[in-house]
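Asker: Sequence:
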Amino acid sequence: MKEGMIIMNDKHSPMKNFYSIKNNESILYSAEDALSIVFATCLNHDCEVSRCTSYNYFRDIKLRILYAEIKKVIKYMDEGDHDLSQLIDDHVLRSAFAGSVFMKDGMGASYLIEAVIICKQLLMRQSIIVAGEIYRQVAERFHVSPEAVEKAIRCFTKELWMICKNKTGCTAVYNFVFPSLNSSPTNKETIVFMAIKMLEIQKLLESTTI
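Anchor point for the sequence shown: position 101 equals 89 in this note's numbering, and the numbering is continuous, going up by one each time.
Just so you know, the hints here were simulated from the structure itself, not pulled from any lab data. Keep in mind that the hints are not guaranteed to be accurate.
Stated by the list, open to error - Using 30 Å as the maximum straight-line C-alpha spacing, the simulated DSBU-like pairs for lysine-lysine come out as follows: (1) K139 with K185; (2) K185 with K92; (3) K50 with K155; (4) K176 with K139; (5) K176 with K92; (6) K191 with K176; (7) K155 with K92; (8) K92 with K191; (9) K185 with K153; (10) K153 with K191; (11) K153 with K92.
Using the sequences and the hints, build the whole thing.
Answerer: Laid out in C-alpha cells, this is it:
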C-alpha cells in the first residue's frame, strides 16, 4: 500500500468529492485531503489510515478540534433523540470554530458565528439573505447596534483572511470559512459560504443515519 493512502468502503467513497472548492488555487490541494480524512475517520470505522497520514493529520490542532466536535455530534446522534441542526450550531460552530479554531479576542468571531447560524436557518427555509437583517438579529442577541456587528465582523474576517492568505500551508479548516484567498470576501460572502458549508456537514451526517 502506498504511504499515506486512505482506504474507504463504497459507502463513503464520494467523501473526497464532497468539498467543492475548486476555484481557489492559493489553498493547497492537500487541504481537501485533510478534511476528507477527518470525515472518513469520524464516519467510517473500517477506514484504514497509514501511520504517516494519521500523524500528519492529527498534528494540526485545528483539525483535531474539528474531529473531536464532530465525533460528539455523531455520539449524540447515535444516542437517539437529537436536533442535528442545533448540534452543528453548538458543537461545530460555537465550540469548534468560535471557541477554539478562531482563537481571537474581541466579539467579531462571536458575531460571525451567530450570523452564520441565522443565515443557515434562512437557507434551510429558502429565504432571501439580507445582510442588514442578519446584523440586526445578531445585534438583538448581544444588545449592541447592527453597525457594531457589521464592523466587528468585517475587522475580524479581514484580519483572519490576511493571516490565512500568508500562511497557506495550514489552512485546511479555513476551507469552511473563506470562499477564496485570491480576493478579500465581503461579510455577506463569508457568512453565506460558512452557512452553506455547515449545511453540507449536516447533509453528510444525515446521510449516515439512513
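Asker: Now, for every hint given, state plainly whether the structure supports it.
Answerer: Hint-by-hint comparison with the structure:
1. K139 with K185: Holds, at about 23 Å.
2. K185 with K92: Holds, because 21 Å separates the two Cα atoms, which is no more than 30 Å.
3. K50 with K155: Holds, at roughly 14 Å.
4. K176 with K139: It holds: about 12 Å lies between the C-alpha atoms, which stays within 30 Å.
5. K176 with K92: Holds. K176 to K92 sits at ~20 Å (cutoff 30 Å).
6. K191 with K176: Within the cut-off at roughly 22 Å; holds.
7. K155 with K92: holds, 17 Å
8. K92 with K191: holds, 29 Å
9. K185 with K153: holds, 20 Å
10. K153 with K191: Answer holds: K153 to K191 is near 29 Å, not above 30 Å.
11. K153 with K92: Between K153 and K92 the Cα gap is close to 17 Å, so the pair holds against 30 Å.
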